[in-house]
Amino acid sequence: MSGAPQLLKETGPREVFCGLTSIVWLHRRMPDAFFLVVGSRTCAHLIQSAAGVMIFAEPRFGTAILEERDLAGLADAHDELDRVVNNLLERRPEIRTLFLVGSCPSEVIKLDLARVAERLNGQLNGQVRVLNYSGSGIETTFTQGEDGALSALVPLMPKAESQEKQLLMVGTIANSVEDRFIKIFNRIGINKVSSLPPRESTKLPSIGPGTKVLLTQPYLGQTARALQDRGAEILKTTFPLGIEGSRIWIEAAAKSFDIEESLVNTTLEPLINRAEKAIRPYKDKLSGKKIFLLPESQLEIPLARFLQRECGMHLLEVGTPYLNKELMQSELALLPEKVRIMEGQHIENQLDRVREQKPDLVVCGMGLANPLEAEGISTKWSIEFVFSPIHGIDQAADLAELFSRPLHRHDLLNKTQLIHA
Amino acid sequence: MELTLWTYEGPPHVGAMRIATSMEGVHYLLHAPQGDTYADLLFTMIERRGRRPPVTYTTFQARDLGGDTAELVKKNIREAVERFKPKTLLVGESCTAELIQDQPGSLASGMGFNLPIISLELPAYSKKENWGASETFYQLVRGLLKTKVTDNHKHSPNAWREEGRRPKVNLLGPSLLGFRCRDDVLEIQKILAQHGIDVNVVAPLGADPSDLIRLIDADINVCLYPEIAETTCAWIERNFGIPFSRIVPIGIGATKDFLKEIHELLGMENTNPYESEQESKLSWYSKSVDSNYLTGKRVFIFGDGTHALAAARIAKEELGFEVVGLGTYSREMARSVRSAAKELGLEALITNDYLEVEKAIKESAPELVLGTQMERHSAKRLGIPCAVISTPMHVQDVPARYSPQMGWEGANVIFDCWVHPLMMGLEEHLIGMFRHDFEFTDGHQSHLGHIDKNDDKAKEASPNHFFNKIESDPSNENPIWTIEGQEELSKIPFFVRGKIKKNTEKYARETGCKKIDSETLYDAKAHFST
Ligand code: SF4
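Chains A and B, in that order, are what the protein sequence lines are.
Just so we're aligned: 306 in the numbering used here is position 306 of the first sequence, and the numbers increase by one with no gaps anywhere.
Just so we're aligned: 1428 in the numbering used here is position 428 of the second sequence, and the numbers increase by one with no gaps anywhere.
What the hints contain is simulated information worked out from the structure, not anything from laboratory work.
All values derive from a computational prediction rather than experimental measurement.
Okay, the calculated bits of chain A under chain B, using three or more residues with CB under 8 Å as the criterion:
(1) 12–25
(2) 62–72
(3) 84–98
(4) 105–111
(5) 133–143
(6) 356–370
Once the Cα atoms are required to be at most 25 Å apart in a straight line, the calculated DMTMM-like pairs of lysine to aspartate or glutamate come out as:
(7) B:1362 - A:58
(8) A:110 - B:1068
(9) B:1316 - B:1356
(10) A:9 - B:1071
Virtual Cβ for every residue (Gly too), placed ideally from N, Cα, C.
Starting from the given sequences, assemble the full structure and let the hints guide the process.
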């Protein structure tokens, strides 16, 4: 194995979404759940701006906006919240699970959403389950919101009836990708496979000492701990991004289910061959190019590993809002020596480094993309990685394509300009 | 506490960002948690700005709250001033920082910088975006001009004559994330120039703090967007005696009135009575014979105060529509919208709840909706043509081409974008009529959205489909529609179907008829046409 990457830290002004943003993909995964943010107009505006939600007649998320009278104590915030929730549930009888999502304002005024949830659960008699977690910007960054939501679900998971081994995939992935993984696991003889979050919020998978957990997403530290506390084993491995990462990830499951290596190899080999062929044209485009990843989704480290090892890219800096060394162990071990991993952010200093090092491609948040493009630097939005089906061997080429498209476009447009010049 | 699924306006500090980002040489220090940085994308994505907004967010975290957040604020101010070297610094808080009361404004003032520092107090739990923009613009202007206020201000808006120069005015209110502001400014500048009137300062869009100090060199102020600039114009009038214009030049009539007002304020003669006919095609297009079909079109209007009011006037006076609904989300302008609605015999809808607006649209069964991007979606669901007339901004509202709303060219733009959806609506109807012909078997894609063959088209074809789209009056003794009645109704062109359905139900209720069949429908039609 190669030597250790450099783990650096930086503090200062940050340019990242808060955990509320993860509602945007969570509500799509569980269509019978509603996410009610208890917050301010800013929180409501953030979610609608990040999601571009105007297309929904009745979205499955909303904000209970705190008003002056709630803060001044004129209206008991608890009573008000009860009222809002009851109105909502009356209008939306299809809701099975209600997530109360804490925000910065609700946390600063110490509105105890756990207590509210408990009280509402008492009143609702199991008709609707009420859960709570924090998506606030003072506690969470972007994808960490999903970590909070999933850990809130863990206590409700039924206890597994037997000690029999079962595989649990944890983290929101595209439904098509989920199906694909299940098929592959079935082929190698792992037949009991379930997912958290499930497609229906009430159909939670069971959990027990026989449960082996594969994390599909790297930002689920809190959920992993909660699952461990319920007796599950978290398999230490890479994340299923790229051919290599997915292969190691599947192999980790196979190993814990005592599946013969040869069966795994013969199952994966044709998939790998096909994927390698598919990835080639993008690799040609990406190879030797310099990439700088700004921190946002926590997917940066596995993505960097994929881009460096499978696409031949040169890593200038790999930002991450938060580094969980334990979960990232297998990933860090695959990164080249001395690569700069930057935890935290000082946005201005970081952008200075971007300008200095002249990357061919920058992975960044939506607010930064056009300003960098205007400076002649190609960009890729980090939010795309949480919306696109990118996991698994079969998706490796699509993942590479996401990175090569901006470069391809850059070349195309600049060529045109030359002709016209 | 208010349940909000979607909101027309952002929080007030986003309004402050609009002012800061519209200007040059201004930096905004915003005490706020990391997630609030989402607001940058409003400018860089929706407006496609190639520069980051000039905003430094302190991005404090929970672990900072126990310690010294004031120190964090100061560190960020120091770094921002050093790096961006602003000419004026705005300092304020977002909703969360308002609760922890670090008073960043006074912290900044105590740091000994040699530059104007404007402290903003924008109550996040009671006010919204436009108010925040207006207050920020006002505080900036006041902060930069207050030392120039004297007790005996004497200002004559006619001074240009004695001084032997052309009159000059300020154009106040245009800002980023405002509806078509960039093009409105160009259009108004062009028209004023034709009348021999110069523009002294445009603000906040493109202005520098030193330009704000020059505001008092103008003969009058032109208040283009009252939501943003009225407070400022009124303050300048009170303290410097500079009068300001009230009429917003959107539409032919309003543009004429606007020019009249400007000329009067400046003591000028307006010489060309044929100007509107020469400069804009709206009046002629509206008179031309093919516009006959526009007569009495039922139109529902909702938007910010300024644009909703303007749209109501144009719809009624210039296009011969019938306004069947008028409303706004701008509470600050509720009063004028209410009185405009009253004049039209309507009750104004003042709300921030888009579902309430959607309900009002259904109930008034319009043939055209003029609204925001949200009403565009609602109208689409209801199968009604729509044109967008107001913020909140969407990337589609920042077109590459020149397309003002104000002035003569603005009137042309308005004619096109209101009338085309109606024509397309007609076309849609024809397609509906012929959809069973073999030429159409592949379906047809129109601006009203792709009709999915497998799904929507099948639904659309059944007469029941329309019933789900326009709700009946929810009263209990509602008559029911027989299948035969529904079929008859589905043959009626969509653009009058809603009205006919309502009228028929009303007629049925009045005559005590419980079941509506095709006969009832024609009885009702005859009844209401007399
Ligand atoms: S950072 Fe806090 S206040 Fe801002 S949108 Fe997120 S939760 Fe709301």
